[in-house]
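Using the hints, position chain B against chain A.
One line per chain: the protein sequences are A and B, in this order.
According to UniProt numbering, the stretch in the first sequence is residues 1 to 788, in order.
According to UniProt numbering, the stretch in the second sequence is residues 1 to 788, in order.
Simulated from the structure, these hints should not be mistaken for lab results.
A couple of the hints might just be wrong.
What the hints assert, rightly or not - With beta-carbon atoms standing in for the labels, derived distance ranges:
1. A:SER727 with B:THR594: 49 to 55 Å
2. A:GLY477 with B:THR594: 38 to 44 Å
3. B:VAL571 with A:THR342: 45 to 51 Å
4. A:PRO755 with B:VAL213: 54 to 60 Å
Unchecked claim - Now the stretches of chain B that chain A is said to cover, found in silico as 3 or more residues with beta-carbon under 8 Å:
5. 219–230
6. 316–324
7. 329–337
8. 421–428
Beta carbons: idealized from backbone N, C-alpha and C, even for Gly.
Number of protein chains: 2
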Amino acid sequence: MQEVNQNLAEEAGLNISHICLPPDSSEDEIIDEILKINEDNRVHGLALQISEDLFSNKILNALKPEKDVDGVTDINLGKLVRGDAHECFVSPVARAVIELLAKSGVNLDGKKVLVIGAHGSLEAALQCLFQRKGSMTMSSQWKTPQLQSKLHEADIVILGSPKPEEIPLSWIQPGTTVLNCFHDFLSGLFENGIPKKHDIEISRGQTPKAVDVLAKEIGLLADEIEIYGKSKAKVRLSLLERLRDQADGKYVLVAGITPTPLGEGKSTVTIGLVQALTAHLHVNSFACLRQPSQGPTFGVKGGAAGGGYAQVIPMEEFNLHLTGDIHAITAANNLLAAAIDTRILHENTQTDKALYNRLVPSVNGVREFSEIQLARLKKLGINKTDPGTLTEEEVSKFARLNIDPSTITWQRVLDTNDRFLRKITIGQASTEKGYSRPAQFDIAVASEIMAVLALTDSLRDMKERLGRMVVASDKNGQPVTADDLGVTGALTVLMKDAIKPNLMQTLEGTPVFVHAGPFANIAHGNSSVLADKIALKLVGEEGFVVTEAGFGADIGMEKFFNIKCRASGLVPSVVVLVATVRALKMHGGGPSVTAGVPLKKEYTEENIQLVADGCCNLQKQIQIAQLFGVPVVVALNVFKTDTRAEIDLVCELAKRAGAFDAVPCYHWSVGGKGSVDLARAVREAANKGSHFQFLYDVQLPIVEKIRTIAQAVYGAKDIELSPEAQSKIDRYTQQGFGNLPICMAKTHLSLSHQPEKKGVPRDFILPISDVRASIGAGFIYPLVGTVS
Amino acid sequence: MQEVNQNLAEEAGLNISHICLPPDSSEDEIIDEILKINEDNRVHGLALQISEDLFSNKILNALKPEKDVDGVTDINLGKLVRGDAHECFVSPVARAVIELLAKSGVNLDGKKVLVIGAHGSLEAALQCLFQRKGSMTMSSQWKTPQLQSKLHEADIVILGSPKPEEIPLSWIQPGTTVLNCFHDFLSGLFENGIPKKHDIEISRGQTPKAVDVLAKEIGLLADEIEIYGKSKAKVRLSLLERLRDQADGKYVLVAGITPTPLGEGKSTVTIGLVQALTAHLHVNSFACLRQPSQGPTFGVKGGAAGGGYAQVIPMEEFNLHLTGDIHAITAANNLLAAAIDTRILHENTQTDKALYNRLVPSVNGVREFSEIQLARLKKLGINKTDPGTLTEEEVSKFARLNIDPSTITWQRVLDTNDRFLRKITIGQASTEKGYSRPAQFDIAVASEIMAVLALTDSLRDMKERLGRMVVASDKNGQPVTADDLGVTGALTVLMKDAIKPNLMQTLEGTPVFVHAGPFANIAHGNSSVLADKIALKLVGEEGFVVTEAGFGADIGMEKFFNIKCRASGLVPSVVVLVATVRALKMHGGGPSVTAGVPLKKEYTEENIQLVADGCCNLQKQIQIAQLFGVPVVVALNVFKTDTRAEIDLVCELAKRAGAFDAVPCYHWSVGGKGSVDLARAVREAANKGSHFQFLYDVQLPIVEKIRTIAQAVYGAKDIELSPEAQSKIDRYTQQGFGNLPICMAKTHLSLSHQPEKKGVPRDFILPISDVRASIGAGFIYPLVGTVS
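Looking at chain A on its own, in the form it has when it is part of the complex:
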């Protein structure tokens, strides 16, 4: 009965005893088994399966505390049930497998199912299930030719035991469904015998295809990918050259109505849509998503990987580290920050000559300007190339950046939520000679380097953007750049791998790029141009690339069109606008929705009037999309409390407001097949063709561009600039940055600047409190109201 689990011993250095007792065991028999474990020093934890009726505190207390290793020991309660064929003890694992089979829509009739290494109760339950529906083989053998041949024959493979990773994926025929219930079992994700259905559990329940197999499936050559572990790979930019003459696929943007603070499911719609397109309609498709910040993952529950049965897997890989892009950004950002303060210190404490010798050192008796220094000399109007020939005045001009510390806009960053770093004083050690100053740490994804990564289209362009980034003004009010500090080369080297998009997959094996995650607030909040460009080549002319814009369409979509599409030159085919009955009820006057507080009954019971009143927000967001000449399909993300009448009403009103189509989606609960109607509607809308146009000409004055967005998109009467904002606009215009597009920093909880104003606010004046600039990324960002 007892079987020491070698898999965990290998994976985590833990021995877990795995006990599964028949339903007729007595309490004493169970306690006896536990006491044996208590005395066995080699065993660190216990996975116990017993009937619910038998469970008692006496049993729970029998286990020695030191066996209760965090996250491993677990007692699962099974149930004695009558199956189709005979009475059987159904363990939680078995129940989860059966549920997974039902959920994934696998038709069992006539299918050959192989259950590998399963323990007693699972086997019994499945035998019970399969006696009528299909044929089943069981195996506890590993790596034998016999197993391989069985694997090849099976339509469905259920991994019910350790070492599923030991099965070479090449053994499994394409098209075979692989269900991995072992990890679920060990993870202790069951509650009273019922799976808790955490996203992480669903994620772990699926074994991803090896990423090199996926890469091959979608037409990548072996030397175009760099594999990171088993389920992630970077894709090289050389592919863009190889497929230069390949026509692009259709380009679909998923945006949303003004959301509740809980979010309305744009990520799950994005993933559900590609699952539907590829796994169910057999059309090539790719999802392009942002990489989430690691910081909040440990705060509230992250949802950027999607959720339910519309997820990117493995979720842990998606949420943590990925391939290190955010870490590279952190390193580059902070290298530049350190260079600024160190330079100020050196200029304050050294002579012109000492500075010059430090900047242009003699190496083996030879002094040379670097390329970047020659560029700086040119900028200063000094037409010399020999370091020895500069006059004293020229040396001083060359060596001193004269940064005004009060104008520094470049902050240090960390990918950790650390409130104590929001405002700090730096430089307080005696070695810094009194040059302390106030400073702050931002979250890493707010770095301008992240925005640069998202908007660049090549290594050369990235290097130029990094070099152009303005970090402060000098004492004459002129901008000081990363190039002036001489660190552009180092920044580029640190970012040389981050520029390559990261390939992953959905729960249903559809390819996904996860690349760049700029803030949707002070930056434009869209994933990378490069990922979209590569994906559009890979899907082919008839295929689809689906990407997502942060926040409501008034913010994310507007920036997607005016900033991202302007940078990339790509033309969108369709906008999918995500709505929920919940958010529409809020816009119709429902009570406030707050994270962590249970929803009021207006949201859990049918209320046609609230829905009808709230559709004004949906209509307005549809009109915004139409300003850009792109057809809109509304995707109603259905929750289990939504009623048929509510669903029908939303779809009807959306179509009346000019949407090409409006369809309910069920991807969260059933995966891609729940979004097939959406996929069909998107395909039709794409065939209709779009007449894409920008909202404004970048050559307009900054103020005019801001006013256009405020009036045409937000519905404001006018804008009002603070003196601070006006003087910044004057300065940027004078510095030659007046022709950049605009990236509004506004609350996402209302079309206006006031989060509490729901529906479609009217007659408001939009206050612009300040204006800032990201010159490397290439936009001006006005701060609306008091948003920081």
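For chain B alone, coordinates are given in the frame of chain A:
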């Protein structure tokens, strides 16, 4: 003549025009070519090869500034020379290839050489060279069966053109020499036609084996590695279980004499030794190295990858990011730091009940303690498992850690050299309600988590160590741990991939593990136990694992034996003690040696007396190794200014002092074959067998352990404790940490605490200014003198 370079266009988004002009070109003809480039918008830069005699400022100035893209445009000067067979224009590339051939000791006689995609002047030069020595084929074809068959036939393949990465490595027979001169050429690493011989150039001059090929060669199974890009892989710990019954190989430690500030080459000796063992003596061997901090890489020139012809390649991958381990440590370290301050803030501003509700929230109506909370309850003596049953007093006891902010020892970290973060004030935003406090950022490799990573032997052990880490004391003087803060699970998840060692290779294809890089000062400065354990299994009983201890043997080796070997249970076979004539002269009374200042003539000319006098330090370090019962082989790292008489004297005196053998090494200039004598000596010493013993029993009082090290290793008369140090020792002893080993934080520039005392200082009293503890890593660290 002009050929747009597609490779760069792909790799960097740059078009480089590549011009190679015959030696009889006129100045005007050259300028004409440049002007054509100037007008071609598709071309971003220029690689020009012309004869030295023709070069003029007029030519240089003809190029438009915007074509002068940093790091790409390069003008190389060739020379008109008379070759063996006929007159020929020898380009710098050709010259570099010929030099590489000579350096790598390749005998050309009768060899078949294939030059791929070479441009004119290289072909001409090589034809000239090969007409007598070997046979040569040229090809500008790619991916054709014909090329494949030529590749198979060739003994030497020279990649003289773009896209070398398009050649599948499987096409090249084992044993074939591959010389990649294309990247060298583009990198602009030539100076007046002569290679600058930077380490980076040598590194790029060699094409590494694909890491999956390397993994297979050394017996790793496909599912035991996780590939990261083409030249790095993580190795799974499951291998230790598979090879449990495999006998370990020989375990060799490379340590050094007391060094000059320039370092004496322990890393190059380590790499040269494995290159000699495996590539020349055909004995299995593995080098285990530390991962360098990224911070200093951008300051002074990093050398942790080795140097010259004894390097780990690719050097950029080694020095930057690697597979993200240091980034993971940074994330985990700072998550814990944020948790400390946030917890203090919450405890200061919330009621017991509010804190308790936050810690044990109701999820769907159910409140549960986590495993880690149950452990805390047990620690507090509260034997309850239902959150609803705690008394008010128990709730308060459970919810409040009562951290004393003045005792916080856990600092934030960054992998960036940022002097302005050495001393800061945090928590100054109004949201932090006045709870600001002084703090600091350390360099990431100084995090205790790095020391934990280096000393752990399994995922389970790492989790326990992370949980034990002490971050502060509470107001009663009791230690507060990561477990108390409830973040151990999150730290472990962040570190789950970092625990797997990283596989790379030397210039000669020998396997290398790069794993963990704890500070050699406040930590023990040795690479990971896990890498050593895995490597010892992989090399087999007759193989060798060579690892390196930071600083002089008095520090790095002492910690290796007393801390690392105690943690791992591994027994070392041989110590290789690295010495240089330069350092010995310094110990003999030579003038001071300072980084960045040219060496005095005592160091560049023969001076037998200084060498003889300085050997006292070498003798003392040999004796220290003998305290541990391990045989010593002295490796004299030879510089080009060392004379025969100096070299012989050192070897003679070393052997007289008890070294098993002493041999000069030439790995830096010629690679593994320059260390073959050392490899032979090490092999013989290993067969002699060691009688390893620890220096002290951990059960001794802390003061006694410190005294033992000071007297037996450093040669001190006694130690002297500051009152601060004494009170810390009392506190740690009372808290139950008295039985940990000792990790001395002392200058590495002298055997004593005074860096200026060279040779073998005597009769000194070692001052201990303070004592700290890394409980998770598992050691007490006394601060000697004023070392910080």
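Taking the hints in turn, this is what the structure says about them:
no.: 1; hint: A:SER727 with B:THR594: 49 to 55 Å; in the structure: holds, 51 Å
no.: 2; hint: A:GLY477 with B:THR594: 38 to 44 Å; in the structure: holds, 42 Å
no.: 3; hint: B:VAL571 with A:THR342: 45 to 51 Å; in the structure: holds, 46 Å
no.: 4; hint: A:PRO755 with B:VAL213: 54 to 60 Å; in the structure: holds, 57 Å
no.: 5; hint: 219–230; in the structure: holds (count 7)
no.: 6; hint: 316–324; in the structure: holds (count 5)
no.: 7; hint: 329–337; in the structure: holds (count 5)
no.: 8; hint: 421–428; in the structure: holds (count 8)
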